[in-house]
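**Q** Protein chains in written order, with the numbering used here: chain X, 1 to 329; chain C, 1001 to 1329; chain L, 2001 to 2323; chain S, 3001 to 3323.
Please note: incorrect hints may appear among the correct ones.
Stated by the list, open to error - Calculated pairs, EDC-like style, for lysine to aspartate or glutamate (alpha carbon to alpha carbon, straight line, at most 16 angstroms):
(1) 3250/S x 3198/S
(2) 1201/C x 1230/C
(3) 2280/L x 3049/S
(4) 2277/L x 2319/L
(5) 1167/C x 1138/C
(6) 3219/S x 3276/S
(7) 1201/C x 263/X
(8) 257/X x 3044/S
(9) 328/X x 2241/L
(10) 167/X x 2242/L
(11) 328/X x 2242/L
(12) 2023/L x 187/X
(13) 238/X x 263/X
(14) 201/X x 1192/C
Simulated from the structure, these hints should not be mistaken for laboratory data.
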Amino acid sequence: MATPEPSSEQLLALYERMLLIRRMEERLRADAAAGNLPGAVHLYIGQEAIATGVCARLRETDMITSTHRGHGHFLAKGGDPQAMMAEIWGKRTGICKGMGGSMHVADFSKGILGANGIVGGGFAIATGAALASKLTHDERIAVAFFGDGAANQGVFMESLNVSSLWKLPLVLVCEHNQFSEFTPSADITSGEIADRARAFKIPTSVVDGNDVVAVWQAAGEAVERARRGEGPSFIEAKTYRIQGHLEAEDLFLQGGKYREKAEIEEWRKRDPVERVRQRLLSSGASEEKLKAIDARIGATVERAVEFAQASEVADPELAFDLMFVGQKA
Amino acid sequence: MATPEPSSEQLLALYERMLLIRRMEERLRADAAAGNLPGAVHLYIGQEAIATGVCARLRETDMITSTHRGHGHFLAKGGDPQAMMAEIWGKRTGICKGMGGSMHVADFSKGILGANGIVGGGFAIATGAALASKLTHDERIAVAFFGDGAANQGVFMESLNVSSLWKLPLVLVCEHNQFSEFTPSADITSGEIADRARAFKIPTSVVDGNDVVAVWQAAGEAVERARRGEGPSFIEAKTYRIQGHLEAEDLFLQGGKYREKAEIEEWRKRDPVERVRQRLLSSGASEEKLKAIDARIGATVERAVEFAQASEVADPELAFDLMFVGQKA
Amino acid sequence: MARKRYTHAINEALIEEMSRDPKVIVYGEDVELAIMGDTKGLLDKFGRERIRNTPICEATLTGMAVGAAAAGCRVVVHMMFSNFIYTGFDAIANQMAKLRLMTGGQAVMPITIIAAYGGGGSNAAQHSDSGYPVLVNLGGVNVAMPATPADAKGLLKTAIRGNNPTFFMEAIGRGGEQGEVPDGDFTIPFGKAATVREGKDVTIIAIGSMLKPALEAAKKLEASGIQAEVVDPRTLVPLDEEALVAAARKTGRVVVVDEARDRCSAASHIAAVLVDKAFKHLKAPVKRVTVPNVCMPYAPNAERRMIPDADRIARTASEIASA
Amino acid sequence: MARKRYTHAINEALIEEMSRDPKVIVYGEDVELAIMGDTKGLLDKFGRERIRNTPICEATLTGMAVGAAAAGCRVVVHMMFSNFIYTGFDAIANQMAKLRLMTGGQAVMPITIIAAYGGGGSNAAQHSDSGYPVLVNLGGVNVAMPATPADAKGLLKTAIRGNNPTFFMEAIGRGGEQGEVPDGDFTIPFGKAATVREGKDVTIIAIGSMLKPALEAAKKLEASGIQAEVVDPRTLVPLDEEALVAAARKTGRVVVVDEARDRCSAASHIAAVLVDKAFKHLKAPVKRVTVPNVCMPYAPNAERRMIPDADRIARTASEIASA
Ligand SMILES: Cc1ncc(C[n+]2csc(CCOP(=O)(O)OP(=O)(O)O)c2C)c(N)n1
Ligand SMILES: Cc1ncc(C[n+]2csc(CCOP(=O)(O)OP(=O)(O)O)c2C)c(N)n1
Ligand SMILES: [Mg+2]
Ligand SMILES: [Mg+2]
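Isolated chain X (complex conformation) (with noise of 0.2 angstroms):
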């Protein structure tokens, strides 16, 4: 198909939100290491071309679900880092008020129904979500993010069923990341994810989730073919979990091992932002301006961290209020 290349903006745009994602979790990893942040966190680090290239395609009020490792599809669909990071951080001035952290970062104002701890949890949801925009007739869309262990939930089957059955405007997302947990998913994992979207006649298609143009074409076809109203369609995009499953997953570990340094390695060679990076040099855009982005995210982190230590932690009252609209728990 002849899907156009994104512009020379549109590819600053994609590698600027890329990069934001990157520097934000990076600073989360080391506030890990220091002991900085109550919970846990899941990284997606090597993964930010798919919620970047992905999101790039969507509306502010499409919508989209998300997983335990959210961060990066919080922040690609337009999400605060501030609150974001005010969230993990536990304060009252995060995205959920301190009340859900990490794993359960979210902002309804602009469509994202939330990170999930819950593994496939995200998929009926987003079915929802796209059921009432069929019936409210408005063009929102709704995308749901998973990973290849969550596609081995049977609600993944359900929602491919219903999905297509109601031509519902749906995107499901897999991100192929090699690994569920400590488990490589090839041990898990039988036949190719993406037949089983063919066995319920979902148009499917396979990209290197490690490259930002390929998830933006692959899910600007099926953006289209859900606002048209022909219903749900399937994108598995192959990448790596360059980060431990969490932080200080050697605790979990104990000295197990379950994959190698080298392969870590090999990945690394095919860094989705280094890669755009490249991309736009040769492409001839300057050094200074990808230094001038560089320097306007690092300000932005910055920032967000100093507004999360800056912050009052989390009202515990509140929580009664929370449970219930106007209802005491």
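Add chains C, L and S with the ligands to chain X, keeping to what the hints say.
**A** Chains C, L and S with the ligands in isolation, oriented as in the chain X frame:
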């Protein structure tokens, strides 16, 4: 593949078993209409070839899981007609002591792990049974009977995945009778169910479920594959539900309609019992022989009903001993 | 006022609320031809966009409700039997009941889930559970227990108009029973118990399906000179602790009747609330009349043995009345 | 006797029972590299046939256990966090808890399901539930609540050797804590509560993870001259009602401490049992110290606000001690 035809003795045996199921259920139908049965019954009339053709390939030690429409599976796997009848009548002499009823007839001593009131409830149980067989290194295999509607439960996919990964001795038999309660399967089923199994690299065959020989042949291959340790197989048997979803369906429908009388009549022409009967006659079996079988089965059904009627009602206090092994509820 | 069947009252509430608000949708397995009766006629009135037969996939039906509600629908999901709540429990317990808090109050979930509970029809264990205690423990979902046609209509309207996930538990054995239902548009507030019968000697707190046998028991007790007060909590979440405590104080003798299994039942919780907040006024042990800790047998006589009836309630009440 | 960590005691029990009976198998998500610590080393000792990493599919993990047990294995399923019990709840509530009765006693299900519960680690609502009250209500499954390394080892051995489905609830916050564990082979019977501390003024019934803060509270109370008895039920199903009633009679003043959400919690049920069976001996309201009816917030300070601690327990106990 050159799968052998059943010998005339085998064909006679298949016929006799199918006829037993048919006559038992015709009697249940009458007793349901007469208000003699405490609970609802879901009849298997028109689908007898499937349970019979598959179970003829099994050993007594092999295990099956069944559905809410389970009388046929119970009888085909060698369950006792009297004990089944008494169960459905709610008597203490029932195979489940009157505690389970029609939707739960089971005989573990014959590998019948139970009819099941939860649609899709049998998948994981059969998968687990197959896992145990593999670990105990006996040659037992497990068969899961389920409907087309059950194939939309996510657990179906989960069992496909696990059984394929672990090469479990499992045969999945989908009885596609065109309906899920009052809903035509097409309205709620996207794509071909067999393609779902193919997506997990599971050998698949689609057969005429009203032709006991076709079922017997497909089952033979699947069962042998499982015994050889080569993993699961999937069989889709196309058939049709002649009776209502449950007896007294019209009470629920209150004038509503979900299929045409003509369609039912069309399928009556493909009656699986009548088809074997014709086949037997044309292959030289004598009318007398078949009459003798009819008579034998008529007597069996009578005895079963008399036994049920003569038996005492269930013992309520027993329930407190049946929740746990060696522990009062 | 007009006499209507319980199922009919539910059907009316659905029709009225769907007419009132185009954002209300209803889906579930076989809702079109109304396998449970209560969704009858909706398809003809509102069409296939808003009334949807779904595949059999409870895990997705409950989760879809969360997404559809978040995206602007008022969702009514019909789960058929309450046992199937267990099948769709993940999205209920991990999403529906928690998403609002986890998102700092961003998620608004106008969801009503209808499910029929209880025994009496020889449907056996997988179709006879009273599966609401597990919901009550979740914290994040409301639980409505209509005992009469009027309450069924009024509570369902409140549920559908509300902005919180609510389980509307249909008493399976009551579907065909008649009762007076107010004409026109009316709702019944959550968290307000009803004193169905006045009495000074003993208080019977009866939940949902148990109201009817409780009233029969009250009659029997009257015959033996015991005046029983009968109170119906109507919703378990929110729970009208004030009214229950007041009722307990009035007589000092309380029986709580619940068709759920005894352990960690709603009856247990209500008894616990009373011994905490009405202790000084209690004159006798707070008794629970519940289903024993077994699952429901199939045989009618065994089923009868397990489900609380007027005799058991009356016997228990007279024990403590004279204690 | 030797001091061991709670997680280590569980690991020992698994190793000993697997060595003892070749029919014992263990499966779950990431049990090989032991994401929860307790299955460490099993793979090397027993190999991939008996120790299996599974795909993420809780609905099937619980259902498979029923089939594998029925076909001759002793199954240990590791569910990781207790919230995932909800994900696999259908086969638990509709099959595991009911199959034996429904088949007239034919099904024998030697199944042990391990799951970690409770808060304290800022894991947020979907990883912090104390998901056992829902299990207690099912009727057909045992529920073990080990509070110490010794109980963890002894109760797990009993569970694995037993012939009934048992949920073995790991106190997530206790994994690293040390305690004396008897040497050699020993088991702890189900349904036998332990009196962990003698006292005459007030009885604290502490469930699982709550034993530790309860004992701290007892120390605080002692300082103010109140002698608290501390009792640990150890299993909720079966429940040692006799021992709990006796403990209540002894002091007439009871606090029940439970890390579950309050409504329909185990604490509620125990309070209900006491007001029924120990009524005459109660001198003060039976108090519950539980997690409020909210799901667990992420922020550490908010989490602390919800989880019962020594102060709250001591405060509540002294209230009723002087009531
Ligand atoms: C229902 C459920 N089961 C298990 C877990 C524990 N868990 C958290 S992440 C994870 C692996 C997920 O793998 P994948 O979907 O590939 O996402 P990735 O971590 O690779 O991004 C597991 C098993 C969970 N959070 N929820
Ligand atoms: C988990 C669950 N959901 C819903 C039902 C209600 N129900 C009983 S049978 C049935 C239809 C099953 O269709 P299919 O699997 O094709 O079997 P068939 O009745 O056609 O033999 C439904 C929805 C149930 N028993 N269990
Ligand atoms: Mg992965
Ligand atoms: Mg069918």
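**Q** Would you mind marking each hint as holding or not holding in the structure?
**A** Hints and how they fare:
| no. | hint | in the structure |
| --- | --- | --- |
| 1 | 3250/S x 3198/S | holds, 10 angstroms |
| 2 | 1201/C x 1230/C | holds, 12 angstroms |
| 3 | 2280/L x 3049/S | violated, 61 angstroms |
| 4 | 2277/L x 2319/L | violated, 23 angstroms |
| 5 | 1167/C x 1138/C | holds, 15 angstroms |
| 6 | 3219/S x 3276/S | violated, 30 angstroms |
| 7 | 1201/C x 263/X | violated, 28 angstroms |
| 8 | 257/X x 3044/S | holds, 13 angstroms |
| 9 | 328/X x 2241/L | holds, 14 angstroms |
| 10 | 167/X x 2242/L | violated, 50 angstroms |
| 11 | 328/X x 2242/L | holds, 15 angstroms |
| 12 | 2023/L x 187/X | violated, 45 angstroms |
| 13 | 238/X x 263/X | holds, 15 angstroms |
| 14 | 201/X x 1192/C | holds, 9 angstroms |
The structure fails to meet hints 3, 4, 6, 7, 10, 12 from the earlier list, while all remaining hints are met.
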